[in-house]
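Chemist: Put chain B on the given structure of chain A with help from the hints.
If you read the sequences in order, they're chains A and B. The opening position of the first sequence corresponds to residue 4 in the working numbering, with each subsequent residue numbered one higher. The opening position of the second sequence corresponds to residue 71 in the working numbering, with each subsequent residue numbered one higher.
It should be emphasised that the hints constitute simulated quantities derived from the structure, not laboratory data. Owing to the predicted nature of the structure, the values given are computational and were not obtained by experimental measurement. C-beta: ideal position from N, C-alpha, C; glycine also. Check before you lean on any hint, since a few could be wrong.
[To be verified] In silico contact screen, one side only, chain B against chain A (beta carbon under 7 Å); selected entries:
#, residue
1, Asn-129
2, Ser-132
3, Tyr-145
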Amino acid sequence: MLQDLTDAERMALAQCRYAVLGDGRPLRLDCGVDLGPYRVAYQTYGTLNADKTNAILICHPLSCDQFVAERHPVTGKEGWWESLVGPGKVLDPARYFIICVNVLGHCMGSTGPLAREAATGQPWNLRFPVVTIGDMVRAQAALLDHLGIPDLFCVIGGSMGGMQVLEWAATYPKRVFSAVPIACAAHHSAQNIAFHEVGRQAIMADPEWKGGDYRLHQTVPARGLAVARMTAHITYLSEQALQRKFGRALQDRNALGFGFDADFQVESYLRHQGSTFVDRFDANSYLYITRAMDYFDLAGAHGGVLANAFRGSPTRFCLMSFTSDWLFPTHESREIVHALNAAAANVSFVEVASDKGHDAFLLDEPEMFRTLSGFLKGAAAVRGLKETT
Amino acid sequence: MKSIRVDLQLIADMVAPDTRALDIGCGDGALLAYLTNFKRVDARGMELSQAGVNACVANGLSVIQGDADADLRAYPDDAFDYVILGQTLQATREPREVLRQMLRVGKRAIVSFPNFAHWQVRLRMVFGGRMPQTTSLPYKWYDTPNIHLCSIDDFRALCHDMGVRIERAIVLNSKSRPIHMPPLLANLFGEQAVFMLRRD
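So here's chain A without its partners, still in its complex pose (with noise of 0.2 Å):
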């Protein structure tokens, strides 16, 4: 399973650990494709106890991947959440035995339209089928099955991840001693799925593209997964982020350019933005990753009624959002936290006053830190994990 890799996938999976599931029990997908075999990455951090209580699963966001507290091998930026987690931060690998799985679909050496199907040879590109939330936290599970860990201490994450999280709470209820959804939603908003919608459009616009088809044509479609960034990235972040960060500044240069250079310092940073992010991210992968976020509705999945995907749920859960998010916006973890209530479940929701918008679950937030610490505090106490393993 591992020729044709792109360079990209080749140094992921030479830092990073993997599986191949699904042989012969292939992975049923919503779409009512059965896929197997498939490759699932994985990354992990601290060591697993010998009660198999201590194990947390980070659920990465569309942008972020497995390496979540190490220098990335394809970028060579520290890791995305190193913030979070690391020696004498909050998720301690000395205590907690941390996993970060690559989702399906995505682009970092799990299964995804890279890669060739098996009956065929052939590579997938378009033809791989559409995944969703629910398909990624069924490959996560297969995954831990493989792993041999019966439960979760904790699932957590952030944006996409948190989509995630709640999907493990709704799915594996018991296998979810904890759950931490961040900045995120029961379903995607038609203002999000519409910024989704705008950057698909502006890849396939791209001739480069060939209707999915470029690594048989040796193209890529940069520009339009760079303007597909960009305008996400604004979507990221805050008015008062982006004012304070750059204003009205101008980019190396004293006056207006009276032409369409990047003049505003604000441009040149979306552009930077939009450039760096082909070098680590498939176009193919995005379409399918955003299409994967469109697609979650947790109520939907549940007759409609949320609080019946938390029925009974024996989950402790601890919701978060951030007051300058617009893209997750604290109204829909409220959402989400009126059905827990209704479900009768175990539920703290915590506003953090910020202006960094929906990336300040990526930043350094002492709020978010002090209210996860202190909720994995409680739990731990309540799950008689020791302090030190």
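Modeler: This is chain B only, laid out in the frame that chain A set:
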């Protein structure tokens, strides 16, 4: 663990061990922590102030941001053995509806509130001609969160109207010590009261 306020201790004493309780307006979580640690109660909280909620959750307590008027509706019937509302009823928009919701969500309700018929309040109104300010009602008329003040007798009358059974009523003096007097005098000398109610 440090001791808790006298009025909170009174409420805590009313709660049986190994039960489920919801504390509305739980503040910094002192009562929740006490119930959890000393009575093994499955205790949840609701608090309006974000600072309060964050402090509670950071201490490992299960608390959500919300208020009695809006967020009690989300809970199912009989979700708790006790629903507690400490010194908050007078600040709700619809006290009667809040009480109804409390007794729907909980088998019992524990409510404490300041007595607006306390002799100091009466004196200030009658002879001072000004809105009363006392230790349990420290606000000026224009900045008070207390929009539905009542006396102990008013509260009894409401319980009667609603067909709610009063299981216990404790009247406290200005030092938060229980006083034992006939109702007429209790309504004059009590500065606050704690009631335990249940559906009839």
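Chemist: List in ascending order the numbers of the hints, as given earlier, that are violated by the structure.
Modeler: none
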